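> The chain contents come next:
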Amino acid sequence: AQSVSQHNHHVILSEAASLELGCNYSYGGTVNLFWYVQYPGQHLQLLLKYFSGDPLVKGIKGFEAEFIKSKFSFNLRKPSVQWSDTAEYFCAVNGENAGNMLTFGGGTRLMVKP
Amino acid sequence: ETGVTQTPRHLVMGMTNKKSLKCEQHLGHNAMYWYKQSAKKPLELMFVYNFKEQTENNSVPSRFSPECPNSSHLFLHLHTLQPEDSALYLCASSQTQGREQYFGPGTRLTVT
Numbered sequence: 618a619q620s621v622s623q624h625n626h627h628v629i630l631s632e633a634a635s636l637e638l639g640c641n642y643s644y645g646g647t648v649n650l651f652w653y654v655q656y657p658g659q660h661l662q663l664l665l666k667y668f669s670g671d672p673l674v675k676g677i678k679g680f681e682a683e684f685i686k687s688k689f690s691f692n693l694r695k696p697s698v699q700w701s702d703t704a705e706y707f708c709a710v711n712g713e714n715a716g717n718m719l720t721f722g723g724g725t726r727l728m729v730k731p
Numbered sequence: 027e028t029g030v031t032q033t034p035r036h037l038v039m040g041m042t043n044k045k046s047l048k049c050e051q052h053l054g055h056n057a058m059y060w061y062k063q064s065a066k067k068p069l070e071l072m073f074v075y076n077f078k079e080q081t082e083n084n085s086v087p088s089r090f091s092p093e094c095p096n097s098s099h100l101f102l103h104l105h106t107l108q109p110e111d112s113a114l115y116l117c118a119s120s121q122t123q124g125r126e127q128y129f130g131p132g133t134r135l136t137v138t
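Quick note, the sequences are listed as chains L and S, same order.
The first sequence runs contiguously to residue 731 in the working numbering.
The second sequence runs contiguously to residue 138 in the working numbering.
None of these hints come from the bench; they were simulated from the model.
Errors might be hidden in some of the hints.
Ranges of calculated distance between the beta carbons of each label pair, as one might list FRET restraints [said to hold, decoys possible]:
no., chain 1, residue 1, chain 2, residue 2, range
1, S, Glu-110, L, Pro-657, 22 to 30 Å
2, S, His-99, L, Ile-629, 35 to 43 Å
3, S, Gly-29, L, Val-628, 25 to 33 Å
4, L, Lys-688, S, Thr-42, 44 to 52 Å
5, S, Gln-108, L, Ile-685, 36 to 44 Å
6, L, Ser-669, S, Lys-48, 31 to 39 Å
7, L, Ala-634, S, Gln-121, 19 to 27 Å
8, S, Ser-85, L, Gly-658, 25 to 33 Å
9, S, His-99, L, Ala-634, 41 to 49 Å
No experiment lies behind these values; they were computed from the predicted model shown.
For every residue, glycine included, the Cβ atom is placed at its ideal position computed from N, Cα and C.
Extracted from the complex, chain S is given alone in its bound form (with noise of 0.2 Å):
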């Protein structure tokens, strides 16, 4: 596969559920993000991470733990949601600092 992939596609879990989101980039890059797109607002950042190293927190609540085991995976672990957490995922990766990021497909995730 190339580019960045995200698994699962859809999501639909329960408040009191947990999940995780997965994130894989074939690119050779070393950051990587997470995003929320909501219906009628700007695509939001959540998180950053350059080699391996969280550098963002966009002022996220605890109930989103991300984790990245290396420069190729990135995960979203999700706990305990609210309604209003239903939303697009998107991932994306760069290079380096400040140049062009790569999209993967996202998760569309629903919380009941």
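One chain only, chain L, in its complex shape (with noise of 0.2 Å):
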């Protein structure tokens, strides 16, 4: 069985600080990864993906994440924060053989203050 864990349950940053949330899964086998953003009032948004490739995976809104095979790691990052960057933020695994079961970590609340 597949299983994602999001170390970080509330994270709080000023803007322009640089952000780093974790992300480790455990399947053994080819995966493939992704992170959704919920902004308050809003429904689910598509962040990034990585199938196969560059490791180094840009996304929307400046962020990227790396795909860490050694470490079953997929970490995003952003260089510099905003205050709409506040939200709350799901790192998802697909493992090859886990058919359409989308499995989602706990998430991450981040709040950016100005």
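Fit chain to chain and form the complex, with the hints in mind.
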């Protein structure tokens, strides 16, 4: 079975600070990896995805994530956060033999102080 | 409309009521999903439909009954729910197996 762990439940940063949110997964085979974001009062939106190729993936709004296979990690980064990045961030994994099953982490609530 | 839409956005129902949640996707996708999002819990997959056929039932109680009449529409029929079933119910769709999923805004359900 696949599982996803997000170690940081709450993160508070000031504007312009750098962001790194941790995501580790447990699955023995090939995986597809995703980060989703849920802004206050809005629905879940895809931030970025990794299927294959370059392990450094760039997404919308200046976010990027790096897939490190040896560490089973897919951490989300942004060099300089803005107040508008305040949201909840979810990491998700889909193992190659898991069909349509997407497993989500518990989420990380990010608050950016102006 | 574009994307994934869900109705109603808010629903309050008693434990003896019967109600249905509706989801519609305008993306031409072949797979649709129901998720439950509760406070302080990870997003829980409930059901998966692929080309209108149910492919996953994640040990969901029978008081939740899904229906997928075609690839664009998905329903969740509710009856004799419990207060602990109060949550945000999300619908999603994807093009094919393993691809990224697109989510609707959810239905905020309160069971009294």
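> Against the structure, test the hints numbered earlier, and report the numbers of the ones violated in rising order.
Hint 7 contradicted; others consistent.
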